[in-house]
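Using the sequences and the hints given, assemble the complete structure.
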Amino acid sequence: DAGVIQSPRHEVTEMGQEVTLRCKPISGHDYLFWYRQTMMRGLELLIYFNNNVPIDDSGMPEDRFSAKMPNASFSTLKIQPSEPRDSAVYFCASSLYNQETQYFGPGTRLLVL
Amino acid sequence: ELKVEQNPLFLSMQEGKNYTIYCNYSTTSDRLYWYRQDPGKSLESLFVLLSNGAVKQEGRLMASLDTKARLSTLHITAAVHDLSATYFCAVPRPPPNTGKLIFGQGTTLQVKP
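Sequence order for the protein chains is E and P. Following my numbering, the numbering of the first sequence begins with 1 at its first residue and continues without gaps. Following my numbering, the numbering of the second sequence begins with 114 at its first residue and continues without gaps.
Simulated from the structure, these hints should not be mistaken for lab results. A hint or two may mislead.
[What the hints assert, rightly or not] Cβ-Cβ distance ranges computed for the label pairs, FRET-style:
#1 E/His10 x P/Leu122: 20 to 30 Å
#2 E/Met40 x P/Asn120: 14 to 24 Å
#3 P/Pro226 x E/His10: 25 to 35 Å
#4 P/Asn120 x E/Pro61: 22 to 32 Å
#5 P/Lys181 x E/Leu113: 46 to 56 Å
#6 P/Gln127 x E/Asp57: 41 to 51 Å
#7 P/Asn131 x E/Lys78: 44 to 54 Å
#8 E/Glu18 x P/Gly166: 43 to 53 Å
#9 P/Leu122 x E/Val12: 28 to 38 Å
#10 P/Thr141 x E/Gln99: 16 to 26 Å
#11 P/Gly166 x E/Pro8: 41 to 51 Å
[What the hints assert, rightly or not] No farther apart than 27 Å at their CA atoms in a straight line, the calculated lysine-lysine pairs in the DSSO-like style are these:
#12 P/Lys181 x P/Lys116
#13 E/Lys68 x E/Lys78
#14 E/Lys24 x P/Lys154
#15 E/Lys68 x P/Lys154
#16 P/Lys154 x E/Lys78
#17 P/Lys116 x P/Lys169
By construction, the Cβ of each residue, glycine as well, lies at the ideal position given by its N, Cα and C atoms.
Given below as C-alpha cells:
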C-alpha cells in the first residue's frame, strides 16, 4: 500500500486566496483525520470522519475552514479566504475502525503571504 | 477535559547516555500510543501499548504503560544521534469519540555527539 497520500506537498499563496488540500487515505480505512501543526500550537485535530461522515469538527478554527469526504478514498480541506496565520503543516491521517493507530500522510506545508 | 502532558518538552543529551520521557494523561485508558516525528517529516507509529504493564522495546527505545498511575514512559538507552526527533504520546478519547487520539505536546530529543 502506498500509505496516506496528500497533495500538494507545498503550497504558497497570497492572503485572500482559496486553498484546497487533498488527501487519499489508506484503502479500507474507515477513519480520516485532518491535523494542523505549528510551532506555537503544536499538533491540533481539526476534523475527523468515520465512513465519510464528519464526526467532530470542533477543532476547525473558523468558518473559513471546511472539509469534505465525498467518498471513502478522497477528502479535501479548504480554506477560503486564506490568511497568513493559516500557515502551517497540514496532515491527513487514517485508521481502521477497530484499531486506533493512525497512519499519517507526508503533510502539506502551507505558506500564506 | 482530557489532557495528555509530556515531560520534558525538550531534551538535549550526549550520545551514550540514558534518559526517560514521561507521558501523563488525565483520564482512564488502557491504551497508549507513541509516535516519532523526524524534523520536517510526518509522524510514524512507534509503539502501541494495549494493557496495564505493557512493555515494548525496539532497539534503544523501550516504552511502558502504567494505567493505574496514568503514566507511560519512553526510556532511551545509550542514545545515538539517529534518535534525534520529536516523540509524541497519544491516548484514545473515550466513547462516544471513538477513534480519536489526544496527543501530547511532543518531546524534542536532541542527541549530541
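Quiz prompt | Structure versus earlier hints, numbers of those that do not hold, lowest first | solution = none
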